[in-house]
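J.: Chain residues, written in single-letter form:
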Amino acid sequence: MRYVIIGNSAAAVGAIEAIRQYDSENPITVISDETHHVYSRPLVCHLLGELVDEDRMYYRPLDFYERYGVEPMLGVRATAIDTQEKKVSLAGGGAVSYDRLLLAVGGKPFVPPVEGIDLDGVFTFTKWEDAQKIDRHIKDHDVQTTLIVGGGLIGMKAVKALMARGLHLTLVELADRILSISFDHTASKLAESILRRAGAEVITGTTVKEIVGKEGRVDHAVLQDGEMVDCDLVIFGIGVRPNLDLILPEPEKRTGIKVNQGILVDAHMQTSVPDVYAAGDCVETYDMILEVERPIAIWPHATRQGHVAGCNMAGIEKTYEGGFPMNSEDIAGMPTIAVGLTDPQEHQDEYEILERYDRGALTYKRLVLHRNRLVGAICVGDIDRAGIYTGLIRDRVDVSPFKDHLLSGSFGLISLPKEYRKHMVVGEGIVV
Amino acid sequence: MKRIYVNEEYCIACRLCEVHCLVQHSQSKKIIKAYKEEAPQLMPRLVFEEEGPLSFAMPCRHCVDAPCLDACITGAMRRDEDTEAVLCDEDRCVGCWMCVMACPFGAIQRNLKGTKAASKCDLCYGDEMPACVAHCPNEALVFEEREQ
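Chains as they are written, first to last, in this note's numbering: chain W, 1 to 432; chain V, 1001 to 1148.
Please note: incorrect hints may appear among the correct ones.
Unchecked claim - With a Cα cut of at most 16 angstroms, we get these calculated EDC-like pairs of lysine to aspartate or glutamate:
| no. | chain 1 | residue 1 | chain 2 | residue 2 |
| --- | --- | --- | --- | --- |
| 1 | W | K418 | V | E1050 |
| 2 | V | K1113 | W | D120 |
| 3 | V | K1116 | W | D330 |
| 4 | W | K318 | V | D1065 |
| 5 | W | K418 | V | E1009 |
| 6 | V | K1116 | W | D384 |
| 7 | W | K418 | V | E1051 |
| 8 | W | K133 | W | D23 |
| 9 | W | K418 | V | E1008 |
| 10 | W | K214 | W | D120 |
| 11 | W | K422 | V | E1090 |
| 12 | W | K422 | V | E1008 |
Derived by calculation from the structure, the hints in this document are not laboratory data.
Just need the whole structure built from these sequences, with the hints factored in.
T.: Quick look at the structure:
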């Protein structure tokens, strides 16, 4: 029996490690169009910012494939899947047969159709290769001024990198505030003021209409409102969408694999086609808070989903119970954490909001409760022990007995009811 | 595996667990030197909670399905193959604090004055008995193997 994994990041590693817990015999093949040993995508911004060197990019030791009995096919692009013949076709000819296949193909950066995106000096920013290209462009053309399009998490990563390089930057976000998906208004405005204080220009409520070049290279950008932004470099960091290149168009006809926004999977991370699994940024999974299936492209979920897929591929039943958005992001030196539903837009009367904003210390905390259950949390400045909130959200704990303590400076496990605390520390069936 | 278990009823808030944790992880291993010369870059690797008559220490639980392992973007957080302990390689940690966000026990701290890395219990790696347990005068912390 042969396991084949397309992709070489968090979900792939989660799967490999899970498979090898139960099956040390059967071969595992990893196919990736990138040439690198397994590395950390979230560290790409650290690399570009010269905050880590290349040695620290690797997510697993360099003997990982060898130790886990993995045959890596790196720099090889999978071009098609034949789910009848159970084969993956490769660019340049050839195919690999599988018995169990994992699609861990990740997300693709979304770039809007803007005039000038083909100019030299316009980049997306998710892969190692992107950091290398941007670095080369900065050095070759003595880049001084930069434009980042997108004030979400990818945009923040670009900000981190370019600020660390000491470059002047303008950040443009279409919504009326940055981080509008993960933050509420107050936290967004706080983040904007932190960025401005650190020297960035932050422009919200508009986006790039056109990028104008000189001799094929970026010279400036024109925003929707007509404003001109000088820039020698443009990074699009609007977001990622599930990578469905191997499946679209006509998914049912080509592979039989059902997709919506992302690849549809069951609780075992199996797609609609037997023996084909999918995990990571390419899938849709259950959002435990919104109670819908949707893509939540974050590292911890990819790892966990890969683990669940790997267990099931090796014949050990394991279920993925779903997740919710969560991120920890440093914004110009200010630590922030946002978990779950932080700014409900619908049925607002059903939610209770607890907030504490210390303008002197520049710390802000906001908790969102729904029927006495915590469903969202934002921590800016003071993030210590934020994971306790994450746990309360995941376990749907009734917080009414200790609601008054949730925002107190001394909040901790000690604030929780004894029963729950004991369950956490010695309970059965939980993470312990 | 053997884990540290907490008996909050027996804790008398002497905080010797913190003291001996710090000393154990110091260069000198000497209590006065560690506090005078190495702190505050050094910090206890467990969280101590106290309010009124209730108190307890909260070291990492070394979870079976550890959320911090999933969350770590660098691979610094890893499970030790021999002891099954969850350990953080502080040289690889970049201080992204995804583990702080993920740990439902709030057992991972940020060492902002020293390593700038995640600071957590390593079960006094390689020692028979973690220092906090060995020095707890009242068996509020015990180190034992229990059925999961």
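J.: Can the restraint linking K1116 (chain V) and D384 (chain W) be considered satisfied, given a maximum Cα separation of 16 angstroms?
T.: 14 angstroms, holds
J.: With the threshold set at 16 angstroms, check whether the alpha-carbon distance from K422 (chain W) to E1008 (chain V) stays at or below it.
T.: 9 angstroms, holds
J.: Taken at face value, is the distance from the CA of E1050 (chain V) to the CA of K418 (chain W) at most 16 angstroms?
T.: Distance ~14 angstroms between K418 (chain W) and E1050 (chain V) Cα, so the pair holds.
J.: Does the alpha-carbon distance linking K422 (chain W) and E1090 (chain V) stay inside the 16 angstroms limit?
T.: 30 angstroms, violated
J.: When you check the alpha-carbon spacing of K1116 (chain V) and D330 (chain W), does it fall within 16 angstroms?
T.: 13 angstroms, holds
J.: For K133 (chain W) and D23 (chain W), compute the direct alpha-carbon distance and say whether it is at most 16 angstroms.
T.: With Cα atoms ~40 angstroms apart, K133 (chain W) and D23 (chain W) exceed 16 angstroms; violated.
J.: Taken at face value, is the distance from the CA of E1009 (chain V) to the CA of K418 (chain W) at most 16 angstroms?
T.: OK: K418 (chain W) and E1009 (chain V) at ~11 angstroms, within 16 angstroms.
J.: Take a quick look at whether K214 (chain W) and D120 (chain W) sit within 16 angstroms of each other, Cα to Cα.
T.: 10 angstroms, holds
J.: So if I understand the rule, the pair passes when the alpha-carbon distance is 16 angstroms or less; does K1113 (chain V) with D120 (chain W) pass?
T.: 43 angstroms, violated
J.: Taken at face value, is the distance from the CA of E1051 (chain V) to the CA of K418 (chain W) at most 16 angstroms?
T.: The hint holds at about 13 angstroms.
J.: Would you check the hint for K418 (chain W) and E1008 (chain V), treating anything up to 16 angstroms between C-alpha atoms as holding?
T.: 10 angstroms, holds
J.: Check whether the Cα positions of K318 (chain W) and D1065 (chain V) lie no farther apart than 16 angstroms.
T.: 12 angstroms, holds
In this structure, the hints that do not hold are numbers 2, 8 and 11, in rising order.
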